[in-house]
Amino acid sequence: MNSLNLAFRNIFRNKRRSFFTLMSIVIGIAGLVVFQGFVRNQMVQFRASVVQGGIGHLQVAASPDYYLKGEYNPFDYILPDSEKLISTLRKVEYVKSVIPALGFTGLAASSEKTISLLFKAYPVADPLFANRERATEAQLKEARQRPLLIASLSTGNQLSADVPNGVVVGERAAKILNVKLGDVITVLGMVSGGGMNGTDMKIVGIYKGAVTAEKYFAYISYDFAKSFIGVEGPSTLLLTLDNIDNTNKVAGLVKEIKDPNTSTLATRKWTELAVYYRQVNTMYTTFLTVIRAILLLVILFVIVNTQTMSVMERMREIGTLRALGTSRIQVVLTFIFEGGLLGAIGSIFGVLLGFILSWIFNLMGGVPMVYDGEMVRNYFTPDIMSMLPNIWPVILFALIASAGPARKAGKLQIADTLRFI
Amino acid sequence: MVAVKLESVVKDYHLDKISVRALNGVSLQVEEGDIVCLMGPSGSGKSTLLNIMGAIDVPTSGKVLIKGTDISSLSDRKLSEFRNRTMGFIFQAFNLIPVFSVSENVEYPLLLQKVSKTDRAKRVADILQSVGLESYAHRRPDELSGGQRQRVAIARALITKPAFIVADEPTASLDHKTGKGIMELMAEMNKQMGTTIIFATHDPMVSEYARSIIRVLDGDIV
Ligand SMILES: Nc1ncnc2c1ncn2[C@@H]1O[C@H](COP(=O)(O)OP(=O)(O)O)[C@@H](O)[C@H]1O
Ligand SMILES: [Mg+2]
Numbered sequence: 013m014n015s016l017n018l019a020f021r022n023i024f025r026n027k028r029r030s031f032f033t034l035m036s037i038v039i040g041i042a043g044l045v046v047f048q049g050f051v052r053n054q055m056v057q058f059r060a061s062v063v064q065g066g067i068g069h070l071q072v073a074a075s076p077d078y079y080l081k082g083e084y085n086p087f088d089y090i091l092p093d094s095e096k097l098i099s100t101l102r103k104v105e106y107v108k109s110v111i112p113a114l115g116f117t118g119l120a121a122s123s124e125k126t127i128s129l130l131f132k133a134y135p136v137a138d139p140l141f142a143n144r145e146r147a148t149e150a151q152l153k154e155a156r157q158r159p160l161l162i163a164s165l166s167t168g169n170q171l172s173a174d175v176p177n178g179v180v181v182g183e184r185a186a187k188i189l190n191v192k193l194g195d196v197i198t199v200l201g202m203v204s205g206g207g208m209n210g211t212d213m214k215i216v217g218i219y220k221g222a223v224t225a226e227k228y229f230a231y232i233s234y235d236f237a238k239s240f241i242g243v244e245g246p247s248t249l250l251l252t253l254d255n256i257d258n259t260n261k262v263a264g265l266v267k268e269i270k271d272p273n274t275s276t277l278a279t280r281k282w283t284e285l286a287v288y289y290r291q292v293n294t295m296y297t298t299f300l301t302v303i304r305a306i307l308l309l310v311i312l313f314v315i316v317n318t319q320t321m322s323v324m325e326r327m328r329e330i331g332t333l334r335a336l337g338t339s340r341i342q343v344v345l346t347f348i349f350e351g352g353l354l355g356a357i358g359s360i361f362g363v364l365l366g367f368i369l370s371w372i373f374n375l376m377g378g379v380p381m382v383y384d385g386e387m388v389r390n391y392f393t394p395d396i397m398s399m400l401p402n403i404w405p406v407i408l409f410a411l412i413a414s415a416g417p418a419r420k421a422g423k424l425q426i427a428d429t430l431r432f433i
Numbered sequence: 027m028v029a030v031k032l033e034s035v036v037k038d039y040h041l042d043k044i045s046v047r048a049l050n051g052v053s054l055q056v057e058e059g060d061i062v063c064l065m066g067p068s069g070s071g072k073s074t075l076l077n078i079m080g081a082i083d084v085p086t087s088g089k090v091l092i093k094g095t096d097i098s099s100l101s102d103r104k105l106s107e108f109r110n111r112t113m114g115f116i117f118q119a120f121n122l123i124p125v126f127s128v129s130e131n132v133e134y135p136l137l138l139q140k141v142s143k144t145d146r147a148k149r150v151a152d153i154l155q156s157v158g159l160e161s162y163a164h165r166r167p168d169e170l171s172g173g174q175r176q177r178v179a180i181a182r183a184l185i186t187k188p189a190f191i192v193a194d195e196p197t198a199s200l201d202h203k204t205g206k207g208i209m210e211l212m213a214e215m216n217k218q219m220g221t222t223i224i225f226a227t228h229d230p231m232v233s234e235y236a237r238s239i240i241r242v243l244d245g246d247i248v
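Residue numbers (our numbering), protein chains in the order written: chain A, 13 to 433; chain B, 27 to 248.
These aren't lab readings, by the way, just hints derived from the structure by calculation.
Among these hints, one or two may not hold up.
As the list claims (entries may be wrong) - If we take Cβ atoms under 7 Å as the criterion, some of the chain A residues that face chain B in the derived model are:
#1 A19
#2 N26
#3 G206
#4 A335
#5 T429
As the list claims (entries may be wrong) - Derived Cβ-Cβ restraints for the label pairs, each shown as a range:
#6 A:R419 x B:G69: 16 to 26 Å
#7 B:G69 x A:I303: 49 to 59 Å
#8 A:L309 x B:D96: 21 to 31 Å
#9 A:M397 x B:D152: 51 to 61 Å
#10 B:G94 x A:L364: 30 to 40 Å
#11 A:T297 x B:Y39: 56 to 66 Å
#12 B:H164 x A:Y391: 31 to 41 Å
#13 A:F32 x B:K217: 44 to 54 Å
#14 A:R431 x B:H164: 27 to 37 Å
#15 A:F31 x B:H164: 43 to 53 Å
#16 B:S142 x A:Y391: 53 to 63 Å
#17 B:S68 x A:Q425: 52 to 62 Å
#18 B:M27 x A:F32: 25 to 35 Å
#19 A:N26 x B:V46: 49 to 59 Å
Computed from a predicted structure; not experimentally measured.
Where a beta carbon is used, it is the ideal one built from N, C-alpha and C, also for glycine.
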């Protein structure tokens with residue numbers, strides 16, 4: 013109690029030094045908070061676009077094996093009696109739409125080259141789903157809540173019923189095959205029951221996406237795919253929900269559905285499937301961790317320096333306190349508390365300043381950025397609920413930083429500090 | 027009763043490779059209630075002797091008994107508590123805690139003893155009155171004159187009713203008149219409370235306040 017009181021008083025004693033020490037923490041933490049706010053805003057938007065980009069919030073397949081082998085051998089995993097399952101799933105709470113999908117591997121050949129592609133097939137007749145060019149304004153508005161086929165086309169159109177054998181390929185695949193919009197590629201694929209089938213596909217669109225996706229993923233019509241590989245139903249069902257935060261809940265509800273045809277339904281959440289999202293998220297998380305580590309290191313040095321000077325300046329005072337009966341341990345605690353308080357005050361005010369700056373930046377209109385050819389304003393939305401990790405490590409590091417100087421203060425020989433010079 | 031007893035106390039200071047002998051096997055004892063003055067020129071070993079008697083320094087060899095207790099056997103916590111309860115210190119440079127007010131400075135030794143708040147307030151008010159500083163209770167040390175600061179230090183040293191007070195050149199930072207006032211105050215406190223006072227000085231005027239004088243020269247008592 014004594015030590016804490018003394019520590020508190022001493023912080024406000026060398027005002028200039030405490031001010032600079034605190035400022036370095038406050039500015040560092042505020043910068044971190046603003047950056048976190050920016051990242052969070054980006055990720056929330058990104059999350060929405062990922063889910064709309066063809067993954068759905070939740071996928072349902074016949075068995076977990078599908079996710080290991082299904083794309084090479086979809087025939088064993090076709091959901092039987094899918095119409096009934098779709099209507100059952102539509103009735104599950106929070107579910108907004110259920111979309112059948114098929115995936116399979118095929119060899120795609122241009123006049124120059126042959127590569128292996130993963131074909132993903134979705135219904136194209138539904139204007140709300142894929143054929144957005146023909147949708148009315150009201151339909152488009154609703155479509156924003158639903159999956160789009162492909163997030164960002166660089167040229168061409170989405171798939172439509174007008175070109176039944178249309179295909180949308182990635183920029184990298186198009187480059188490797190050396191094909192452009194309107195060209196035709198020949199696709200060779202396995203069919204149900206064994207054997208091969210071949211067909212021509214017309215390139216109606218080229219998309220830009222994650223590096224690996226661009227090279228391997230191609231999109232075609234669900235009906236066309238069904239007849240090409242000779243199956244009756246979808247291999248997966250894509251579920252979109254009213255709210256992304258309900259994903260876990262719905263996954264639980266779906267697992268309880270007893271389908272007479274399949275023993276257990278396998279589910280995959282969007283987070284498990286969105287590779288690019290995960291990559292970006294990991295990148296940002298790593299980035300934030302590195303910034304945080306550097307910040308903590310700087311704070312460590314600043315506080316070691318401040319506390320060392322503090323101890324040196326107060327030698328005689330430490331000796332006096334000891335002569336009056338203060339024990340070594342109490343002296344050590346005083347200096348440790350002092351450092352801890354600097355850390356606590358600095359980080360709390362840093363968080364506060366971070367929120368104030370975010371608010372000001374948002375008032376000024378955020379950061380304009382070009383995204384997909386469109387001007388998008390990015391705002392700073394730090395999350396008050398995740399601020400604790402910006403505070404306690406600072407306090408911890410401040411305490412650690414103070415330990416050395418504090419120990420030195422405790423070890424001082426009383427008579428040496430009191431010598432009158 | 028004996029307040030402090032030293033038996034063949036030797037103190038060596040080590041400077042890099044050479045060692046300096048500051049005390050040369052000193053034996054002495056101070057009776058309770060006495061006012062003892064250590065007289066001697068600068069560098070004779072007065073401060074060293076006082077520090078050892080005040081248990082804020084340890085001898086190289088020899089025995090120190092404070093109120094019969096051999097302090098060399100105490101842990102830091104016990105020794106700190108012992109210092110807090112048994113002695114008071116007055117320094118040449120006053121050594122008040124600058125972040126504390128006058129009353130907080132005086133109160134501090136009682137805080138360490140965990141005396142109740144009401145008790146503390148009463149004792150602080152009483153002692154400040156007896157050193158004539160009752161109206162300065164809320165001032166900071168840097169708002170006081172040197173003489174006033176030393177009065178605060180005396181109040182702080184006396185508040186625990188210690189067995190004895192160690193004062194190293196208590197008047198050396200003060201002018202002649204103020205110094206006299208401080209010595210008179212200490213003599214008065216000795217009379218009122220019976221507190222043993224051991225002080226060091228090289229000023230003959232100040233030594234007049236002592237009842238016994240111990241002369242120190244080159245680390246020996248003469
Ligand atoms: N920390 C120290 N290191 C080395 N020598 C010291 C130290 N303290 C005191 N001395 C020496 O010990 C002797 C006694 O010093 P001191 O007790 O301060 O004398 P006084 O108080 O009478 O002036 C002096 O020669 C002084 O230089
Ligand atoms: Mg001296």
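Exercise. That 21 to 31 Å hint for L309 (chain A) and D96 (chain B) (C-beta), does it hold up?
Worked result: Given about 49 Å between the Cβ atoms, the range is violated.
Exercise. When the nearest CB of chain B is found for T429 (chain A), is that gap smaller than 7 Å?
Worked result: At about 9 Å, which exceeds the 7 Å cut-off, the nearest Cβ of chain B leaves the hint on T429 (chain A) violated.
For this session: Could you say whether the range 52 to 62 Å given as a hint is met by the Cβ separation of S68 (chain B) and Q425 (chain A)?
Result: Given about 21 Å between the Cβ atoms, the range is violated.
Exercise. If you take the shortest Cβ to Cβ gap from G206 (chain A) to chain B, is it below 7 Å?
Worked result: Violated. Min distance 86 Å.
Problem set entry | Outcome for the supplied range 31 to 41 Å, where the beta carbon pair is H164 (chain B) and Y391 (chain A) | violated (51 Å)
Exercise. So does F32 (chain A) sit 44 to 54 Å from K217 (chain B), Cβ to Cβ?
Worked result: Since F32 (chain A) and K217 (chain B) have Cβ atoms about 52 Å apart, the given range 44 to 54 Å holds.
Exercise. Regarding S142 (chain B) and Y391 (chain A), is the given constraint of 53 to 63 Å on their beta-carbon distance met?
Worked result: holds (56 Å)
Problem set entry | G69 (chain B) paired with I303 (chain A), Cβ distance criterion 49 to 59 Å | Once the Cβ atoms are compared, 58 Å apart, the range 49 to 59 Å for I303 (chain A) and G69 (chain B) holds.
For this session: Go through the hint on A335 (chain A) and say holds or violated, using the shortest Cβ distance to chain B against 7 Å.
Result: This hint holds: A335 (chain A) lies near chain B, its Cβ roughly 5 Å from the closest one there, short of 7 Å.
For this session: Starting from the hint 30 to 40 Å, judge whether the C-beta atoms of G94 (chain B) and L364 (chain A) obey it.
Result: violated (59 Å)
Problem set entry | Outcome for the supplied range 25 to 35 Å, where the beta carbon pair is M27 (chain B) and F32 (chain A) | Since the Cβ atoms of M27 (chain B) and F32 (chain A) sit about 55 Å apart, the hinted range of 25 to 35 Å is violated.
Exercise. Quick one: are T297 (chain A) and Y39 (chain B) within 56 to 66 Å, going by C-beta?
Worked result: Holds: the Cβ-Cβ distance is about 58 Å, inside 56 to 66 Å.
Of the numbered hints given earlier, the model fails hints 1, 2, 3, 5, 6, 8, 10, 12, 15, 17, 18 and 19; all others are met.
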